[in-house]
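Asker: Here the protein sequences come in this chain order: A and B. With our numbering applied, the first sequence corresponds to residues 33 to 401, in that order. With our numbering applied, the second sequence corresponds to residues 193 to 536, in that order.
Heads up, some of the hints might be wrong.
For lysine to any residue, the following SDA-like pairs were computed, each having C-alpha atoms within a straight-line distance of at most 20 Å [said to hold, decoys possible]:
1. A:Lys311 x A:Lys110
2. B:Lys351 x B:Glu395
3. B:Lys287 x A:Trp65
4. A:Lys318 x A:Leu364
5. A:Lys110 x B:His280
6. B:Lys196 x A:Met105
7. B:Lys196 x A:Asp101
8. A:Lys110 x B:Lys351
Derived Cβ-Cβ restraints for the label pairs, each shown as a range [as the list claims (entries may be wrong)]:
9. A:Leu79 x B:Lys367: 42 to 48 Å
10. B:Ser516 x A:Ser340: 41 to 47 Å
11. A:Lys110 x B:Ser250: 46 to 52 Å
12. A:Phe195 x B:Pro249: 54 to 60 Å
13. A:Leu201 x B:Arg465: 46 to 52 Å
14. B:Asp225 x A:Lys110: 42 to 48 Å
15. A:Ser381 x B:Tyr368: 38 to 44 Å
Honestly, the hints are just simulated from the structure, not real lab data. Glycine included, each C-beta is placed from N, C-alpha and C at the ideal position.
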Amino acid sequence: MSDELTYQDQTEKDKPESRKIPIQFIGSPREYWKIYMINLALTILTLGLYRPWAKVRQYKYLYNHLLVDGIPMDFTAKPIRLLFGQLIVMLFFGLYAYSQITINVTLSVILILTFILMLPILMWLSYRFFFRYTQWSGVSMSFTASKSEFYLETIINSLVSIFFITVPLAQRRWFKFIARNAFWGNKQLSVNPSLEKLYTGLGLYIGTIAGGIFIFFTILVVVMGVATVSMPEENLSNMSAGFVIGFTILGLLIYLSILFGGMAFLKGYTVHAIYHGLKIGSAKLKLNIKPLRLSWEYLKLYVLTIFSFGFAYPYLFAKLLATIANNAHLELPEGESLLTRDMATEEVSAIGVEALDDAGFDIDFDIGL
Amino acid sequence: MKFKAQLIRTGTSERTEVFVSIERKVLRLSNGDSYPIGEVSVGERSGVNSPFFIFLPSGQQLIITENVREFADEFYKHLPFYRKNWLHRFETWGKSLLVSVLVLIAAITFWLTKGSDMAAEWLANRISYDLEYELGKHILSGLSTLGWTVRKPSTSDEKRVEELFYFLSEQAEVKYAHFYVLDKPKIVNAFAIPGGFVVFTSEMIDDYISEEDGLEALGGVAAHELGHIKHRHSLRILIKSALVASIFTILTGDVSIVSLGMAQQLLSLAYTRKQEEEADAYAITLLMKSYLDPEPFIELMQNLKEKYDTDEVPEFLQSHPHMSKRIKKMRQLMEQLKKQDFQE
Chain A
33 MSDELTYQDQ TEKDKPESRK IPIQFIGSPR EYWKIYMINL ALTILTLGLY
83 RPWAKVRQYK YLYNHLLVDG IPMDFTAKPI RLLFGQLIVM LFFGLYAYSQ
133 ITINVTLSVI LILTFILMLP ILMWLSYRFF FRYTQWSGVS MSFTASKSEF
183 YLETIINSLV SIFFITVPLA QRRWFKFIAR NAFWGNKQLS VNPSLEKLYT
233 GLGLYIGTIA GGIFIFFTIL VVVMGVATVS MPEENLSNMS AGFVIGFTIL
283 GLLIYLSILF GGMAFLKGYT VHAIYHGLKI GSAKLKLNIK PLRLSWEYLK
333 LYVLTIFSFG FAYPYLFAKL LATIANNAHL ELPEGESLLT RDMATEEVSA
383 IGVEALDDAG FDIDFDIGL
Chain B
193 MKFKAQLIRT GTSERTEVFV SIERKVLRLS NGDSYPIGEV SVGERSGVNS
243 PFFIFLPSGQ QLIITENVRE FADEFYKHLP FYRKNWLHRF ETWGKSLLVS
293 VLVLIAAITF WLTKGSDMAA EWLANRISYD LEYELGKHIL SGLSTLGWTV
343 RKPSTSDEKR VEELFYFLSE QAEVKYAHFY VLDKPKIVNA FAIPGGFVVF
393 TSEMIDDYIS EEDGLEALGG VAAHELGHIK HRHSLRILIK SALVASIFTI
443 LTGDVSIVSL GMAQQLLSLA YTRKQEEEAD AYAITLLMKS YLDPEPFIEL
493 MQNLKEKYDT DEVPEFLQSH PHMSKRIKKM RQLMEQLKKQ DFQE
């Protein structure tokens, strides 16, 4: 299976010794949670004005506590840039809210269509933003794909992923495209996600959902059958409200477990496929954690986030990051170095990040995570 | 004390290990370089053990990852108070979490109970009647897209109610007042939209006009809706729902809640208990000022109470006060006004 030694790994064993570059997360999930709560309180007190500063401080915590070769990563975006982006996005959504109040269907449709058509551009801006303001060892990253290239790739990918079965192909194409256009200084990134892992993740996702639904309906049929046999007909029609509520809650829990179980498999295998083998120049990222274990970590993140009404999310996310980082390292072939030159790049607008964040999808520190 | 640091060369990832010490407000590096503390800038720090990023005037970066707490104590000692990274200090203070959680709970509670009402009232009073009228016009035309047919009164009964409505609106001295009828079978209701638009369902008019004193009773309903207009209740509700939704937006980062909240409010237009009582009091006062008897209106409310049994849900669970409580208050006010009138 995917966790066993592949032919490629075997041939790499024959290569000359390579240098291991450690990666570690030195932060504490508890401290991150505390900082998150403090910044949330400040955001509420300032009626949202402080939100960009809060965001930057949270990113800073995660970046600054992630050490590669003993050197912390850095998030260098200025909060004021995020505030500007947020104000523009709020104007757009304010206009949408106005169209909703006045039940102006034409304006609502125009705004939704504009947003959909702008989506690839907003995603492009988001990628550019997060790469531009990610720095390690004094050198920033950059995302060099042009607007039109990105737009075209989004359309091609949407077409490729129309069929459920071709989604892994689209995923692989997409992440190859992103990496091909990403640089750390003058060192290019590259990935070659394993199709086997992507399909395994999808298969487990479908399997979990289908199996879960089958189990759910089997239980339902059995319970209803037992109730019909053991209860007189008049009692059956007057089934108590408690029974109905209890059964609904049980059904909801089973539904959520199935859904999150499936999603965790999909995420765990996808993340493993992307990150294991990601190259920065000639340095190769190795994950010493199996996709199944990663899926389990994601399951914990999803389930506990829901049951804590989102309040445990910062703690759980930092814990997940620590698990991944502390089980990863870079391998640098003998004679190669991590030396790179900073390529001067222009400042990037935060409109994309803010728009996607406000619309409910994040492209940020957890790109892929 | 000497601290181990990484010195990053400008423009490359090349780094060398150096030792740093602070002497008389000067940062001294083991490679012989020195920089006055006032001339270097420090990256924002988040977390007790957060690494120290120092940007030197030469363009180089100095990164300290070991013994950062000790270095921070030493470094900030030499800085003026305004450069002491107060936010970081607050975050790392032992009681900051407790203080933040308490502040968070207090702020949300205040905002949801009093703050949003106060802010909505303040904002509504700053919106011109002309702008409110324009907003109301859009809402009214938008109702048709929901399948609600709003029209001008057409039958003789509807026109009689309309006439009484305009008579009362003149007495109420509201800037904008418009009367419309909504064809919604089996729904007995009337509501006010921002901008002075009052809508009666045709079922409401048909049900009560033929009753004894039915026209006066419907006049009372019109006076009640004029009360909502006078106090700009519907506008305040829209603003309040937007404000409350924005709190959730801040908490969740999802702007779509704002528009969802507004659309829902628009459809339900649930006034608060206080607003309903204000409109009731306004209706009684307006009717008596216009030499109309409030009794048929109170009877209509009594009739609605019996028909829909609105007292069944405990008061604390409804936005509207108990109908019996409202009726009692209206009668009290009526008696009080009659007494005043008699004395005068």
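Asker: If a hint holds in the structure, say so; if it doesn't, say that too.
Answerer: We went through each hint and held it up to the structure:
no.	hint	verdict
1	A:Lys311 x A:Lys110	violated (28 Å)
2	B:Lys351 x B:Glu395	holds (14 Å)
3	B:Lys287 x A:Trp65	holds (14 Å)
4	A:Lys318 x A:Leu364	holds (11 Å)
5	A:Lys110 x B:His280	holds (16 Å)
6	B:Lys196 x A:Met105	holds (18 Å)
7	B:Lys196 x A:Asp101	holds (15 Å)
8	A:Lys110 x B:Lys351	violated (63 Å)
9	A:Leu79 x B:Lys367: 42 to 48 Å	violated (31 Å)
10	B:Ser516 x A:Ser340: 41 to 47 Å	holds (42 Å)
11	A:Lys110 x B:Ser250: 46 to 52 Å	violated (22 Å)
12	A:Phe195 x B:Pro249: 54 to 60 Å	holds (58 Å)
13	A:Leu201 x B:Arg465: 46 to 52 Å	violated (59 Å)
14	B:Asp225 x A:Lys110: 42 to 48 Å	violated (28 Å)
15	A:Ser381 x B:Tyr368: 38 to 44 Å	holds (43 Å)
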